[in-house]
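Protein chains: 6
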Amino acid sequence: MPSKVQKFNEYRQKMNDKILASDNKVIKRIFNLDTNAFKEGHLPVKTKELLGLVASAVLRCDDCIQYHLETAYKNGVSKEEMMETMSIANLVGGTIVIPHLRKALEYWELLEEENTL
Amino acid sequence: MPSKVQKFNEYRQKMNDKILASDNKVIKRIFNLDTNAFKEGHLPVKTKELLGLVASAVLRCDDCIQYHLETAYKNGVSKEEMMETMSIANLVGGTIVIPHLRKALEYWELLEEENTL
Amino acid sequence: MPSKVQKFNEYRQKMNDKILASDNKVIKRIFNLDTNAFKEGHLPVKTKELLGLVASAVLRCDDCIQYHLETAYKNGVSKEEMMETMSIANLVGGTIVIPHLRKALEYWELLEEENTL
Amino acid sequence: MPSKVQKFNEYRQKMNDKILASDNKVIKRIFNLDTNAFKEGHLPVKTKELLGLVASAVLRCDDCIQYHLETAYKNGVSKEEMMETMSIANLVGGTIVIPHLRKALEYWELLEEENTL
Amino acid sequence: MPSKVQKFNEYRQKMNDKILASDNKVIKRIFNLDTNAFKEGHLPVKTKELLGLVASAVLRCDDCIQYHLETAYKNGVSKEEMMETMSIANLVGGTIVIPHLRKALEYWELLEEENTL
Amino acid sequence: MPSKVQKFNEYRQKMNDKILASDNKVIKRIFNLDTNAFKEGHLPVKTKELLGLVASAVLRCDDCIQYHLETAYKNGVSKEEMMETMSIANLVGGTIVIPHLRKALEYWELLEEENTL
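Protein chains in written order, with the UniProt record's numbering: chain H, 1 to 117; chain X, 1 to 117; chain V, 1 to 117; chain Y, 1 to 117; chain G, 1 to 117; chain E, 1 to 117.
In short, the hints are calculated from the structure, not lab data. Hints are supplied without guarantee of correctness; some may be wrong.
Repeated chains share a single entry, so a pair holds when one copy, or any two copies, can fit it.
To be verified - Straight line, CA to CA, 27 Å or less: simulated DSSO-like cross-link-like pairs of lysine-lysine: (1) Lys28 <-> Lys79; (2) Lys25 <-> Lys4; (3) Lys39 <-> Lys25; (4) Lys103 <-> Lys79; (5) Lys39 <-> Lys28.
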């Protein structure tokens with residue numbers, strides 16, 4: 001049975017494929033930029049993933065948070081570093097970010113479980 | 001069995017009825033305005049629906065997006081025009097709009113299916 | 001079987017415990033402030049709960065709305081006062097607040113049912 | 001010489017007159033609602049003004065904050081009550097509300113000066 | 001003496017040049033997309049400009065509003081069509097959009113003056 | 001004559017002093033947290049400043065951006081790193097962030113000038 005993490009990624013992939021198949025150039029290029037912007041540059045990948053995470057958190061986009069949690073996790077971000085990033089999001093963005101922190105921590109634990117299987 | 005589109009509309013209708021029954025004049029008038037604002041005026045209905053769609057998309061309100069997708073669909077908006085509208089939302093509002101684009105395209109396909117039955 | 005209100009509170013409590021266990025001082029203090037800010041001060045608790053509700057509503061945070069609906073309900077806020085508060089949220093924050101008003105009224109009815117059992 | 005408060009109100013009035021002269025019914029009704037929503041109802045005017053203030057603050061609209069500061073001031077809201085309302089805005093909406101708190105306190109002092117002349 | 005419209009455009013151009021000179025590829029491509037997205041496509045330029053205007057208005061970005069007002073004006077949008085677009089922004093985005101409507105109408109009048117000279 | 005950077009800091013300091021003098025505990029603690037959250041922790045100060053910058057940028061708070069630009073500058077962030085951080089803000093938050101990028105680059109140049117005097 002697919003895990004919650006797998007389901008999220010499958011839905012994401014399925015709809016991304018449909019979106020790209022619709023042949024809208026502007027959207028295609030935005031998707032393309034989204035990959036490029038988080039590649040190693042003057043800043044290392046890990047820092048960029050934390051930037052993506054905190055931006056997603058203050059803008060309160062759960063899907064974006066989950067995406068960056070997964071790439072952050074894969075790039076060696078520790079739970080403490082993730083929580084510290086989220087603490088800045090909660091301070092700057094206010095207590096309305098707390099419900100997203102709850103879901104973020106829940107998703108992080110799923111990523112940890114997935115990884116130890 | 002009611003479709004996802006029907007369920008959305010039934011819940012929406014049920015709660016709107018309760019809201020209007022609560023007899024709050026300000027809310028009643030806002031609901032009323034919501035109907036009037038999208039009627040034919042200096043701009044045609046179709047353009048207004050696209051304006052409602054792009055505003056809902058950048059403000060990331062899935063229920064509002066679905067409502068305007070349905071009225072846009074009924075007013076003859078094509079899939080290409082809908083995607084072009086959403087591409088402007090994604091550019092102006094950023095990649096945080098992408099998860100809403102995924103749901104919007106999914107809902108559009110449901111509207112197409114519904115219509116061909 | 002736990003009610004929807006109970007389930008919401010249990011998930012909330014479970015994740016809050018995990019968040020506090022993660023030992024991030026900044027987050028701990030924000031949680032602490034969240035309790036203090038709504039205590040009796042120059043303004044009575046009831047007014048503060050309505051302030052929390054309208055802020056949550058215009059920022060469109062369903063979990064925050066539900067939390068403040070419950071504390072408002074427990075502090076004797078009437079349905080009319082709640083709806084009047086939400087009407088200001090709908091006017092100031094626009095029709096994108098309406099979907100949150102639907103959920104708020106639904107949750108309020110659950111709180112009323114819970115209470116009459 | 002007109003004070004900063006007078007200038008703000010004069011510009012506001014001048015542009016409101018022009019907006020209403022443009023004869024757009026939807027906008028006219030929104031302006032009308034804006035007056036009605038803050039009238040005495042199930043909640044007293046003072047509470048409503050604080051609701052308008054906190055909503056304006058978390059949505060970070062300086063002009064809206066100034067408008068509600070003035071009506072709050074005229075309805076007998078004390079500085080302590082205003083600050084308590086703003087403290088909830090800062091907690092719920094985050095530290096990005098702080099620059100608006102600075103301007104709000106500055107405007108409040110202008111209102112106090114204006115009043116003692 | 002340069003008009004307010006000219007000053008806005010000069011500052012905008014000067015800083016855009018500096019931004020593009022900084023040689024950040026992601027930003028360069030976003031600027032590029034911004035030009036492409038509003039070109040004639042399945043939707044005419046005029047409709048796209050109104051979409052850009054309403055998106056900018058509900059997101060309350062004065063500079064973005066002014067930019068789209070100018071391109072809308074140049075593409076033959078009438079004052080009535082502009083106001084109808086802004087009325088949808090005010091309804092969907094709430095009364096916090098009103099201060100931006102004031103500035104928008106003021107800027108529109110400047111564009112009209114500029115044009116009759 | 002005080003520079004633009006000095007003026008910004010003086011106004012900020014003057015109003016912060018007044019805010020703290022108003023003796024609202026919740027606000028005092030938020031100000032206190034704001035200092036603590038950006039101290040060296042699991043993440044280095046420099047990374048935290050970039051997190052504060054990107055969060056401020058997507059939430060479009062010019063004063064917050066300027067504050068983090070200054071602390072980032074003092075902590076050795078290079079112009080290229082700052083621009084890369086802002087590029088992520090522009091991608092995630094959309095083109096409505098561009099006007100804030102213009103002001104950010106302008107302020108960065110002022111910081112550079114200030115420093116070479």
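Hints that the structure is at odds with (numbers, increasing): 2
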